[in-house]
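**Student:** In order, the protein sequence lines correspond to chains D and P.
Following our numbering from start to finish, the first sequence increments by one per residue and tops out at 507.
Following our numbering from start to finish, the second sequence increments by one per residue and tops out at 340.
Rather than coming from a laboratory, the hints here were simulated on the basis of the structure.
Keep in mind that this is a model prediction, so the values were computed, not measured.
There's no promise every hint is true.
To be verified - Here chain P is said to cover these stretches of chain D; the calculated rule only asks that three of the stretch's residues, wherever they fall, bring their Cβ under 8 Å from a Cβ of chain P:
id, region
1, 251-263
2, 314-326
3, 337-348
By construction, the Cβ of each residue, glycine as well, lies at the ideal position given by its N, Cα and C atoms.
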Amino acid sequence: MAENDVVLRFEGASKRFPGVLALSDVAFDVRRGSVHALVGENGAGKSTLIKILTGVHRQSSGRVLYNGADLNFNNPHEALLAGITAIYQELNLVPTLTVAENVFLGHPPKASAGTVDWRAMRVMAGDLLKFLEVDIDPGALVRTLGVARKQVVEIAKALSMDARVIIMDEPTAAIPKKEIDTLFRIIRTLRERGVTIIYISHHLDEVFTIADAVTVLRDGRVVDTMPTAELDEAELIRLMVGRELTEQYPYHPAKPGAEALRVEGLARKGVLKNISFSLRAGEVVGVSGMVGSGRTELLRAIYGVDPVSSGSVYVGGAARRFAAPRDAIEAGIALLPEERKTGGLVLLLSVMDNIGLPSLKKLSTRGVMRDKDLTRTSERMRDLMNIKTPSLKQRVMNLSGGNQQKVVLGKWFARDPKVYLFDEPTRGIDVGAKVEIYNLMNRLKEEGAAILMVSSELPEILGMSDRVLVMREGEIAGELGRGELSQERVLKLAIGGESIGRKTAVD
Amino acid sequence: MSAERMENGGGGVLKTFVWFWNKAGILVVFLLVCAILAVMTGGLFLRPENILNIVRQVSIHGVVAVGMTMVILFGLIDLSVGSIIAFSGILAAALQVKWMKGQNELWMFAVAVFVALAAGAAVGFFNGFVSTKAKIHPFIITLGTMSIFRGVTLLIGNARPITGMTPLFRRIGADEIKWDWLPFVIPYPVIIFLVCVAIAHFVLRKTSFGRSIYAIGGNPEAAYLSGIMVDRVKILTYTILGVLSSVSGLILTSRLNSGQMTAGQGYEMDIITGVVIGGTSMLGGEGSVLGTLLGVLLIGVIQNGMNLMGVQPYWQTIVKGGIIILAVLMDRLKRAFQTD
């Protein structure tokens, strides 16, 4: 590849966050005027890579070259000026302004008096849209447009800034299937004009349809960069997951007891479709799936946070209807939410107060707290969970991530629930604390609790689950027993392995 | 870049100051202000009748400030308290002077007090119910009820004050406890205020309801996911604040011997200032009623001092406005330094 052909080059780029190596020694080239796909599991390092390109982060070591010169952005604005734009799933448009105003937001064409030249703005926006071959009125309000058209407006906006590299993060996630062809047509038009597209998607069929080359990331490292023509789907999946399990998981086989939780035909419009499964006492059932497949939403629906449109939940064989989390808690369910800082803990309150939170009723007599009982319960949880804190009166915000998570576990454990809903139970905590949490899960299992565990970390799912439910687009795409578990099988179900190449368009 | 450096450089002194303010700031400032006023007024400030005057005045604000503390602990606000004071006051006055004229005094007293408290509870409930269920910020809802019940007061009183309360009713604001062994008297309003403080302190510290308030203020999402019925707790708290506003309205009406159209107007300002100065965070989750006790006392003392020194009322308004901005600023600084 001639030097001149390379628009972006990574040379041993690494990015370290406190306690995490998000990117490690990344090296690959992106050819000018190509569509270059980035694939990898959740947390493989794709977002960090984008953030470096768009000036949000800077690599800790190594080099990133853009047109042969070091990339040196202090903020996202400088990246925009240099011609690198990212289009995210959550579009950055102002819904109450017109299409033309959005396209030229921040850099409107000026008339000689220094005022905004509205006529020119409209004409120029119209030209850009015409170039993209879409029929959008530049004077229309953005909020009247559908998601697919909003995305086109974003692309026009990027072009108005003379973007040379456009990063598209899961561009097809939110748009209807029939609009995907339009998007691909636009991408091809851009490519002809010499614009480079960095295309991120977990739909592998799309990658094969539109991308010229693909870089596979795994655990912050580049596994390989290859022309898509030299790959097939099976090979790509193998590259994405093909890693040795480096961590040892303290898995204890289940001794499943009676049915603890059963879900039948659970649905929530646009989010969950016909979910049915059951969970027995003493087993851990993993829930896997890509981001946005409805994993967290499933837990929230069971727990009574979000309303459901149909379906039923049975706890211990009895049909239950939860109008609020309090009802689910009373029925013996506990939720360890995805974000412990926003959903799990009141950071301003002490360890003790947080542990007591779900048990206020239990720990009070006619509304008056029995302080001694609260102290005793908290001490018991501190010892059981091995929470490292100078005092039970310490504010939770001063604890480490692992200890915070143990406080969340402790506050539920104190209630002795029958069913635990775990959402990313080990996210953002160090290895030592992770193992402690796995051991606690085993203990819960032995004591006859049932655990439904959502996790983005495939090794964790494989390592700790007795069974795995794989979700895709709000549905359960399949169930795998411990004996049939493998990273390939889970990932295949999660990204639609069976239906891969849903009409793989031939170029 | 430069802002970062500034924060780091100036952080030392500022941080120490904020830390000090957190620990003992309000008490020290309170004593300091008292000492300064004592000197500047040539001892006038410290005379028993003046102090009695201050605490009586402060009690009327203070009763409401106790309830306001709970609402601000959510990170929310209630602007309608001044209008509830007037509304409940005019109801009590109209009952005695117009609607129940000539009936048994004790019966009249009971009905007047009950109706006033019930009216306050109803307005408070409305504030809480509509803001939680319709998910509208209470700032807007209470701005609305503030105007509505000022108007209702004008309607009931026909825009004229209603004067001439029964002797029994007048005792609420005018009477006091006199014990021989006590070197000073304690006015009833002060007793009512202190009882409210004591009960609220107990409720916030020792009851599940109180723990729920702190939890919701700190993180409503986590509180809800932990099984706390967030809306119910908020509605109940607004109702309590409504009742306490009525209590204040009864005291004021009794003291003035009159249901006034403008009663309680602008009180929300002094009350909120007192609560915030007392260390309750406008962002919710942190604060105490004991802090509020000191906060409203400080406001009362400053106001009284300015009166004694003959400061023009215009200036007094300006000073009070400055104080609230300063108090909120301190609160933000406190939070900023807390996160690290």
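**Student:** If you look at each residue in the region 337-348 of chain D, do at least three have a Cβ nearer than 8 Å to any Cβ of chain P?
**Tutor:** Answer holds; 8 residues pass the 8 Å Cβ test.
**Student:** Tell me if chain P covers the region 251-263 of chain D under the three-residue, 8 Å CB rule, please?
**Tutor:** violated (count 0)
**Student:** Examine the region 314-326 of chain D: at least three residues should have C-beta closer than 8 Å to a C-beta of chain P.
**Tutor:** holds (count 3)
Checked against the numbered hints given earlier, the structure breaks only hint 1 and satisfies all the rest.
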